[in-house]
Amino acid sequence: MTVVTKDIAFQTKGNCDIIDITPQVAKKVEESGVSNGTVTLFISGSTAGITTIEYEPNLLSDFEHMWDRVIPQNIPYAHNKTWGDGNGHSHVRASMLGASLTIPFVNKRLTLGTWQQIVFIDFDNRPRSRKIVLQIMGE
Amino acid sequence: MTVVTKDIAFQTKGNCDIIDITPQVAKKVEESGVSNGTVTLFISGSTAGITTIEYEPNLLSDFEHMWDRVIPQNIPYAHNKTWGDGNGHSHVRASMLGASLTIPFVNKRLTLGTWQQIVFIDFDNRPRSRKIVLQIMGE
Amino acid sequence: MTVVTKDIAFQTKGNCDIIDITPQVAKKVEESGVSNGTVTLFISGSTAGITTIEYEPNLLSDFEHMWDRVIPQNIPYAHNKTWGDGNGHSHVRASMLGASLTIPFVNKRLTLGTWQQIVFIDFDNRPRSRKIVLQIMGE
Numbered sequence: 004m005t006v007v008t009k010d011i012a013f014q015t016k017g018n019c020d021i022i023d024i025t026p027q028v029a030k031k032v033e034e035s036g037v038s039n040g041t042v043t044l045f046i047s048g049s050t051a052g053i054t055t056i057e058y059e060p061n062l063l064s065d066f067e068h069m070w071d072r073v074i075p076q077n078i079p080y081a082h083n084k085t086w087g088d089g090n091g092h093s094h095v096r097a098s099m100l101g102a103s104l105t106i107p108f109v110n111k112r113l114t115l116g117t118w119q120q121i122v123f124i125d126f127d128n129r130p131r132s133r134k135i136v137l138q139i140m141g142e
Numbered sequence: 004m005t006v007v008t009k010d011i012a013f014q015t016k017g018n019c020d021i022i023d024i025t026p027q028v029a030k031k032v033e034e035s036g037v038s039n040g041t042v043t044l045f046i047s048g049s050t051a052g053i054t055t056i057e058y059e060p061n062l063l064s065d066f067e068h069m070w071d072r073v074i075p076q077n078i079p080y081a082h083n084k085t086w087g088d089g090n091g092h093s094h095v096r097a098s099m100l101g102a103s104l105t106i107p108f109v110n111k112r113l114t115l116g117t118w119q120q121i122v123f124i125d126f127d128n129r130p131r132s133r134k135i136v137l138q139i140m141g142e
Numbered sequence: 004m005t006v007v008t009k010d011i012a013f014q015t016k017g018n019c020d021i022i023d024i025t026p027q028v029a030k031k032v033e034e035s036g037v038s039n040g041t042v043t044l045f046i047s048g049s050t051a052g053i054t055t056i057e058y059e060p061n062l063l064s065d066f067e068h069m070w071d072r073v074i075p076q077n078i079p080y081a082h083n084k085t086w087g088d089g090n091g092h093s094h095v096r097a098s099m100l101g102a103s104l105t106i107p108f109v110n111k112r113l114t115l116g117t118w119q120q121i122v123f124i125d126f127d128n129r130p131r132s133r134k135i136v137l138q139i140m141g142e
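Residue numbers (the numbering used here), protein chains in the order written: chain L, 4 to 142; chain U, 4 to 142; chain E, 4 to 142.
For the record, the hints were derived by calculation from the structure and aren't laboratory data.
No experiment lies behind these values; they were computed from the predicted model shown.
Using N, Cα and C, we set each Cβ at its ideal position, and we do this for glycine too.
One or more of the hints may lead you astray.
[To be verified] What follows is a list of derived Cβ distance ranges for each label pair: (1) 130(U) <-> 84(E): 27 to 33 Å; (2) 67(U) <-> 12(L): 39 to 45 Å; (3) 89(L) <-> 81(U): 26 to 32 Å; (4) 88(U) <-> 68(L): 27 to 33 Å; (5) 88(U) <-> 18(L): 28 to 34 Å; (6) 12(E) <-> 77(L): 37 to 43 Å; (7) 79(L) <-> 12(U): 47 to 53 Å; (8) 68(L) <-> 130(U): 23 to 29 Å; (9) 77(E) <-> 12(L): 29 to 35 Å; (10) 85(U) <-> 79(E): 34 to 40 Å.
Please build the complete structure, drawing on both the sequences and the hints.
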């Protein structure tokens, strides 16, 4: 049994930018030397979230509109008085969606569905440099 | 330390069908030969989600109504123009709820509460054949 | 590779009480003797949830108000007819947010961001004694 720590770094545009990180995650798992196990993806930060989705432009737009309806940007957030950076909605969305995702792999392949990609969603209100931690565990 | 991969297959009715998979998960963990560790449940697909709930008919109905209010079926979804299969809401709900759940077990027993069951929710708009991956890891 | 099971016990006030459990989790990981791996936090119960957030009073208030808007307490819940304990909203919120969170650690340190804390949210409508299971796995 082995533990291999990797990370993935990338730039985002912020404002609900949805990034497909599937190819990078698949590559890190393949390179790890671990055949069967899990990869835990974790976001070190409090204004972004992680999930899976069919990465198709119309659906990405539907997903973004859902956030605008359910946790709107243009309502008052007390947090915006704390730092004055106007990203109260970003934090609330991130805490709702969650910062971790654990995906099994078998024979070095992620057990994703055919129409299912791993996505990082940057809820912050400005472009950001981001880094995700990958903890690959197995044998 | 061992990694044991199992799966659970079942039929659903779709349309927010909520399936209690606790007995099957408990059985697979018991049969795995692993005493202490975690089971990661993962949905290979993009129109279903996984969580825990008290599996009680009235509460299941409350949970379903929550989805109808928060991410309704009968509003426009751009995704419905992509494939024409009318399940835009199914995808958005699935991405919100999440595709993975990791549960510890101790002495071959899941650490669930007394009134807490593991549920698979099929958000798709038609009956489906489903399969969940279980990655059982521990010693 | 080792599996170390720990737990954290505490009292809550209920009613969306948000408890910062970061120091306790960090301490348990440090004491475990495991250097690199993951800690899976799991809530044994069906009226509480777990996530990460910037633990800042104004943001906590924003997060609580989000729940009041999205899954209100003062609408009818069928579950309230089952047991008569008036916590239908607590269950629905808990199932939406999720009962598990898996966080990597490297050299005995959690890979949290600077402004990111681990929080337990008690959605129940009364004070509760709570216990979280920590499954620490790694080498």
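Hints versus structure:
no.: 1; hint: 130(U) <-> 84(E): 27 to 33 Å; result: 30 Å, holds
no.: 2; hint: 67(U) <-> 12(L): 39 to 45 Å; result: 40 Å, holds
no.: 3; hint: 89(L) <-> 81(U): 26 to 32 Å; result: 27 Å, holds
no.: 4; hint: 88(U) <-> 68(L): 27 to 33 Å; result: 19 Å, violated
no.: 5; hint: 88(U) <-> 18(L): 28 to 34 Å; result: 29 Å, holds
no.: 6; hint: 12(E) <-> 77(L): 37 to 43 Å; result: 41 Å, holds
no.: 7; hint: 79(L) <-> 12(U): 47 to 53 Å; result: 48 Å, holds
no.: 8; hint: 68(L) <-> 130(U): 23 to 29 Å; result: 28 Å, holds
no.: 9; hint: 77(E) <-> 12(L): 29 to 35 Å; result: 45 Å, violated
no.: 10; hint: 85(U) <-> 79(E): 34 to 40 Å; result: 36 Å, holds
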